[in-house]
Amino acid sequence: MTFPMLQKSLHKRRGSAGAEIRRWLWKSILPASILAFWALATRFHWVDRKIWASPAQVWQATLGLNRDGFLWLALGESLLRDLAGFLLGAAAGLAAGGVLGWSPWAYRLGAPTLHFLKAIAIFAWIPLLTMVFGIGEASKIVFIALAAFYPAALNTLEGIRSVPKSQLELARAYRLDPWQRLRKVILPSALPSILTGVQVALILTWLATVGVEYFMSAGPSVGGILLNGAESFHLEIVFIGIILLGSVGFALNQGAHALGRRLLRHRPQTLKA
Amino acid sequence: MSRSALASGSSIRFSPRPFAAGRAPAPVRILAGLVLPSALLLLWHNASTRGWAPPQILPAPAVAWSSFLDLLASGDLRTHVQASLIRVLISFALGSAAGLALGLAMGLSRRLDDLFGAVFHGINQVPTLGWLPVLIVVVGINDRLTHILIAQAVFVSVAINTQRGIRQVPERLVEVARAYRLSRTQSLRKVVLPAAVPQIFTGIRFGLANGWASLVVVELLVGSEGLGYLMSWGRQAFQLDLVLVAIVAVGIIGWILDAGLARLEGTFTAWRTGEAAA
Amino acid sequence: MPWAGGFSAIDRKPLKPEVDIMTTKGILEIRNLGKAFPANGRKGSLQALDGINLSIRPGEFVSIVGGSGCGKSTLLRLISGLDDEFQGEISIGGAPVRGTSLDRGIVFQDLRLLPWLTAEANIALALENSGLSKADKRQAVAEHLKLVGLEKFAQAYPHQLSGGMSQRVAIARGLVNRPGLLLLDEPFGALDALTRSRLQAELERIWREEGITMILVTHDVEEAVFLGDRVIVMEPGPGRIRRELRIPLPRPRRRSDPRFLEIKEDILREFTGPETAEAESLEPAGRPLAEARLDWAA
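Protein chains in written order, with our numbering: chain A, 1 to 273; chain R, 1001 to 1278; chain B, 2001 to 2298.
Because the hints were derived from the structure by calculation, they are not lab data.
Here the structure is a predicted model, which means the values were calculated and not measured.
Among these hints, one or two may not hold up.
Pairs of lysine to any residue, SDA-like flavour, derived with a Cα cap of 25 angstroms [unchecked claim]:
hint	chain 1	residue 1	chain 2	residue 2
1	A	K118	R	R1189
2	B	K2137	R	R1189
3	A	K118	R	Q1186
4	B	K2134	B	D2110
5	A	K165	R	P1025
6	B	K2264	B	E2235
7	B	K2137	R	L1221
8	B	K2152	R	E1171
9	A	K118	R	T1185
10	A	K165	B	P2038
11	A	K118	R	W1271
12	B	K2137	B	G2149
13	B	K2134	R	T1185
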């Protein structure tokens, strides 16, 4: 086992081209062998062929499922739902977090409840929501909004509350009025934390979207594909759903981070962490 | 879904004392904290006594309270809580042990990181929820599914954070180990691991929170015992009181689990006291 | 490697200087030393050191003084063996320096105490591979805590210590192996003036008692003159030696001594020209401690 931590590494040493290729080969050993094993196992019936589809079958199923642009439709439905819930929940969360962070009294009154509610796994709300709002679109969007609300609220709250005292004193020394204080000191200082909250909200809402579609059957949607696949025991359909789920999540994450980096581009690296 | 961002734990903050608020004396803080819940309770009471909502949908607080007492007296609540706790603890133990092992391996060895990296990060892109239908098809709807699913949720978070914690040990401290010619084991024990402990704990706490959340999801669908089951049963029987009792229980237990880990973390990182203030 | 780990516990009894004559008492020879860092993102490289020639006798106290970017800290890192990539030669007693050694102690500019270890354990860290018995280690740690006047703070964690106390722990850690050579990288940069001059006097006492070679890197001319048998003045771009002077003053030196002041002025003129010779410091005081801690927290 090598121990890179303890080797001198003040500056990264560039490997030769040969070393780069070897490293790349080494990296692809495991994914390649898993793929190969999958292909062989389905080909030679080492696994139950009633359950396990072969790679080729997954590809055919994808084409079949998308014959009338169904996959795009499903993706669009899910994304739209996600967006609605996200906007609602993030806005409410930013507002609530802002108030709780700004006013010590609001914090004392609200924060313990907020922290307690956060401790409740969001999926635990599904039974309650369906009882109150039914299993229609409203209940789904409220659930998605709930997923966005906590991270947005808590990170905004923390961001504002952890504005350094020294900076607040500076604002007082130069007699900034509350509005100036907010614009010049508090918001810029809390921005990294708030952005983190929004990023997390974005990712969590996607999870919640697919989850709620899975739990409250929702017509053509990513969650619906997963549900259908599982209920009809078609693993290849489930895989398609997973790939959609994973790649949208990945894209959202990358997008959110790129946006965050852009907004914080003038700051030293440490603030973005 | 990119849990990577989430599993880092950088986003959702675990404060060591979640209820610490300002510098007001403790009784004031506690009383203030109770104002909002009391107001909600009052609203709820009024809503049901004045018939703003039909009782099948919104039972009176007193009804919910008595259902809670019934569940407590009959031992049903205990059975459900126990079932959930045992599931989550077994899976947590498995998942965090495996996560710690892989995280250490990937943190300490660039080669192993390269080897496992692609598959690990691929798996990491798919949230627990995505694995649920796969497991339903492959292992069936049973306790094994629950254990695998929750262990997976814990595993990912612990592995990522352990790997990151080790990678982020400051070079300047590693140099101290080199200056005094510490062996690998010595540097690991004295420098690398202690430096990584806070991040590893973030992973463990996040993993447990993830695991607890996933448990509820699974129990909503699977099994005949557990808090999630209690909820879904309450919903089907249109007994909101049961659902509420279960929700509150989920919250309280989730909080206690995290507070327990926070305390454990505190004993491991006693040296950090005051560091946050600096 | 000068130190091979073969000492018996007997000839490493604490506070007896006649240790390991072979390697520690050899002359430190630096010949035609150069060091280039790859420049970030650009082609070519940054020459940090060029054509350094220096030889240091055993038991000598050498101060290296210069402004920022003159490569003085880099030079120290090369001597310590933390950085092995350089041109030229560094040898002690004829044996080339390769890698770190317990025979060359180092006190880092940013201290680098491990925050999870007590003062005592931080010092003991340096003894992990000393080959001493447990009891001897404990005794060595206790004696060095006493040497720096921190007996009462053995159990304190770094965050509980003041800047000056942390500095003493770092010095004790550098000394506890009884190295033949102690390298000090701006050890007092972050301290207030009072603590600094007290620790300078203390360092001098330790140097005299232990009879070890010390190389001190500093940006403070007064400190360099106060402590050094010799002062090496360095200049940047690329880092090289501008001037060497012997300090003929008897010890302990007095800062108000006219000869002391004269030497100091003389050196300061190297940097500033005669009209601004009052500026004592060549660069802003070292990184404040809070910043070093932030590093860690991040």
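Here is how each hint holds up against the structure:
1. A:K118 to R:R1189: 36 angstroms, violated
2. B:K2137 to R:R1189: 19 angstroms, holds
3. A:K118 to R:Q1186: 41 angstroms, violated
4. B:K2134 to B:D2110: 29 angstroms, violated
5. A:K165 to R:P1025: 21 angstroms, holds
6. B:K2264 to B:E2235: This hinted pair holds, its Cα atoms lying about 17 angstroms apart.
7. B:K2137 to R:L1221: 61 angstroms, violated
8. B:K2152 to R:E1171: The given pair, whose Cα atoms are some 31 angstroms apart, is violated under the 25 angstroms limit.
9. A:K118 to R:T1185: Roughly 40 angstroms separates the two Cα atoms, so the pair is violated.
10. A:K165 to B:P2038: 40 angstroms, violated
11. A:K118 to R:W1271: Violated, at roughly 29 angstroms.
12. B:K2137 to B:G2149: Holds. B:K2137 to B:G2149 sits at ~18 angstroms (cutoff 25 angstroms).
13. B:K2134 to R:T1185: 18 angstroms, holds
Consistency note: the structure conflicts with the earlier hints numbered 1, 3, 4, 7, 8, 9, 10, 11.
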